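S.K.: Now for the letters of each chain:
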Amino acid sequence: MGMTVIQRGVWGLLLWPYILTVSMPLDCKEEPGSLTRCPSISQEKLLDRVIHHAELIYRVSEESCSLFEEMFIPLPLRLQSNQAGFACITKTLPIPSSKSEIEQMSDKWLLHSVLMLVQSWIEPLVYLQTTLDHYDHAPEMLVNKTKWVSEKLVSLEQGVVALIKKMLDEGTFTTTYNEQGLFQYDTLPDMLESVMRDYTLLSCFKKDAHKMETFLKLLKCRQADKYNCA
Amino acid sequence: MLWLLLCLLPPVSYGRIVAQNNAHTERHNHEATGGTTTRPHIYFCRSPNMEDFTCWWHPLSNLTDGEEVTHILTYSKEKEAKLECPDYVTGGPNSCHFDSSHTSIWMVYCLTVTAITTHRNYTSKQHCLDVAEIVQTETPVNLTYNLTDVGGDEMGHNALISWTYPVPAHVQYGWITLVYELQYRRITEPDNWKVKYPLREPQVELLGLPVDDYVVRVRCRAQHSKLWSDWSATLVMSIPPRQSAGKLLVLILVTGVGVVALLVITFSIVLQSKRIKEYFLPPIPKPRIIGIDPLLLKKGNLDEINRHFSNFHSYRPPSYSEEVWDHVSTDDIYLTTPKHSSDAHNPSESERDTLIVPCNPAPLEVSTRHQLTALNPNSYMQNVPPYCSLPNKAFTPPLSIPSPWPMPEIVSLPRTDYSMMEHPSLSNTIPTPDLTFSTSPSPQDFYTCVQLLNESGEVHLVPCLPPPYCREFPPLPRANLDTAEKEEKKKTTNHQTRKNDGGNSEKSEAAVPLLPVAVDNSG
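Here the protein sequences line up with chains A and B, keeping their order. Residue numbers for the first sequence follow the UniProt record's numbering, so the first one is 1 and each next one is one higher. Residue numbers for the second sequence follow the UniProt record's numbering, so the first one is 1 and each next one is one higher.
Rather than coming from a laboratory, the hints here were simulated on the basis of the structure. Computed from a predicted model, the values in this text were never measured in an experiment. Hints may be right or wrong, so weigh each one.
Stated by the list, open to error - Here are the computed lysine to any residue pairs in the SDA-like style, where the Cα-Cα straight-line distance is at most 20 Å:
#, chain 1, residue 1, chain 2, residue 2
1, B, K82, B, T114
2, A, K152, B, K82
3, A, K152, B, N49
4, B, K79, A, S42
5, B, K196, B, W175
6, A, K45, B, K226
7, A, K147, B, T103
8, A, K165, B, K77
9, A, K45, B, E78
10, A, K45, A, K147
11, A, K165, B, S76
12, A, K45, B, P168
13, A, K152, A, S113
14, A, K211, A, Q158
15, B, K77, B, T38
16, A, K152, B, H102
17, A, K147, B, D99
18, A, K147, B, K194
19, A, K147, B, K77
20, B, K194, B, Q183
21, A, K166, B, K77
22, A, K45, B, A132
23, A, K45, B, T255
24, A, K147, B, K82
25, B, K194, B, A233
26, B, K79, A, S113
27, B, K82, A, Q158
28, A, K152, B, T103
29, A, K152, B, K194
30, B, K226, A, S113
31, B, K77, A, S40
Whole structure, please, built from the sequences with the hints as guidance.
M.R.: Right, here's the structure in full:
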C-alpha cells in the first residue's frame, strides 16, 4: 500500500505516546528512594572501582611480601626485583612487559590481559592461604592480608568482566584461561623448597598486581586523553 | 487490521503513562503518611562497608482482621534472573540482608517486595540501588577530650578531642576512606554550631576555647559516598577557669629568691657596714693633739681649753667679736673664712709670734688688705694647711684701723709668682715691680708663706709647699734684712716646731692645725 505523506503524519501522531514511553525506560526513572538513574553502573564508575581494587591489591600484596621476606627468608636468598621473572607462573601468558609494547596495546588487549592475570592468580592465592596455615609461627597479620587479597581478587575479576561487558560489548566470560594448567600442586614438598616457592609466589604476584594496576590506569588515562598517556 | 492496531496503541501507552504517574503520586502519598498504603514499600537500604547491605520496607498496612500476610523480597542484578532474599532475619523484621557473597559492587540491584495475602498479592515499587552509593558508615564512638593550657598569657584552654570508629575492619587496607565532621557549640547557644570539616584523622585540637561548657558531636562518611553516618552521642565538655598555678608558682619563686637575695645583701651590708663606710666615706680624723683629750675639745669648757692651750707656744684664746670678714670672691683664692676674728690688738706688743698668712697673688689685693686689717699680729687662729715656716715677726698691716702704719701694698716680683705686701711710704728701697698675676695656680700655689716680716711692714712671701719641700725655697732678694738674723729667728722657731712635728705628722691634709706649723726654711 502506498503511503502518502498525510498517512505518515497520522502514524507519527498516533505513535507519539508510545515513543515517549519507550524512550523513558520504566526501570530507569529517577525515584526518590533510589540513587541511580538507570539499572546499570556507568563505565567511569566501573573503571574507577576496578582501579581502586587493583591499587589496594597491589599495596597489600607488597606489604605481605615484605613481611614474609623478613620473617622467613634469610638475606642471601632474597630475590632482587629483576631476578624472579623467569620463575613466575604467569610467564607463559602472552602479556607484554616492556613499556613500548604496553603502549601499543589496544584497550581491548589491555582489558583482556588484566583479566587473564586476575584469573590466573585466584587459585594460587587460595593455595597460599592454606600453606600459610601450616607454618609454625606465621604472623596473623600476614595470614589476614593474604586472605583479604584473595577475596578482593575474586571481586576484581567480577569487575573486570563487567567492565569488558560495558566497554567492549562482549559477551560474558565464565571460563578462565588455563586455570588448571598453570599451577601444579606438589605433594609434601620439602620445607625449604616450600618456603622458597611461597616466597616466589608472593613476589610474582606482587609484580603482576603492579602490572594490573598499570594497565588499568593506562586505560583510564586513555579515556580522558588518548594521545598523551605514558 | 492495521487500523485496529493503531487505535489500540495510544490507549495502551497512555495507560502506562498514567500508571507511572499514579505510582509517583502514590509514593508521595506513602511517604507523606508513612505506611498507610495499599502496597509495601522499600524505604531504606544501607551498606556499612561496601561489602554487604540491608534493605528495609514498610509492610502492607491495609489489612482486615485475621488476615495473614507474608512478604517476599525479590531482586535481580541488572539483567540477570530474579532471586529471593537470602536473609530475612539479620536486619530485623521487614528487612533483607545481603552478605558479602551476595553483594557485588559491579552491578545495580533492583528489588521488589511482594505482600502475599489470601486474596491477592500486592507488589511494591521496584527499588534499584548501587551498593557503593548507599554506603553509610557506622557512627563514631568513644568521644573524649583532653585539656591543655594555652601557652603564654592567653586565657582559655586547648582541647584535644578524639574518637574511634567502631569497626576498624571496614577501614583497614584503605578499603573505605573516612571523612569526619565535628560540630561544637556552647551549651547556652542551642543553634550556633561551629563546624570542623573535613577531618581525616579521628582527632582534632580546638585552640583557644574560652571558659564555658560546650557540646560536641561528630559524624563520618565514606569519601565516595554522600550519606553521612548518624551523629555520635554528644559530649559535654567544660573548660574550667584558667589555672594560674603555673604563673603563681613562678611569681612565688621569683619573689622568694628576690627576698632571700635582699636579706643576704642586707645582712652582709649590716655586718660589713663599718668597712663599707670607711671605703666610701673615709673618716675625717678628729682633731687630736698629743696630750689633749679630744673629749675635752668637744665638750669642755672654754676656759679649760684655753688653759690647756696656753701651755702651747704662742697661743692666745680667741676673742669673739663681731668683726666682719670680707668674702673672698675670686676663684683663684683658696681662703677659708676664718671663724674667729681677732681683735686688733696692740701691734706694739713685743711678743714674737709665728704667723702664717695665706698669701695670694695680686687678685686678692683688696681683700687681703681687709683681711689683714683684722689680723691680730700677736694671736692668730685660722684654718690653714701646713705651711712653710713663718718668720716670727709681728705683722701689723692695719688699713682701716688707725695706726701708725701706712697702707701696705702688694708688690710682686718680676719673673716670679711672689708678691710682697709693703707700705708705700717705705717703698724707696724696695722696687715695685708690676703686679703680675698668675694665671692658673694650683691650690698649692695659692699659699704663699710669709717668709719675712719686716718692722717696716714689709712682708716677704714665698710659695708654700708641704713641709718636705720647704727646703727648696729660693731665697728672696732682700737687701735690707740680714740673712743671719733671719736664720737665727728661724732656729728658735724650729726648736718649737719640732715639738709639734710629731703631732703634725699624724694629721692629714684636711686637718685643722690649731698651731701653725713651722717648717725649716732653707732661705
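S.K.: When the hints from earlier in the document are held up against this structure, which numbers fail?
M.R.: The structure conflicts with hints 2, 5, 10, 12, 15, 18, 19, 23, 24, 26, 29 and 30, although it agrees with all the remaining ones.
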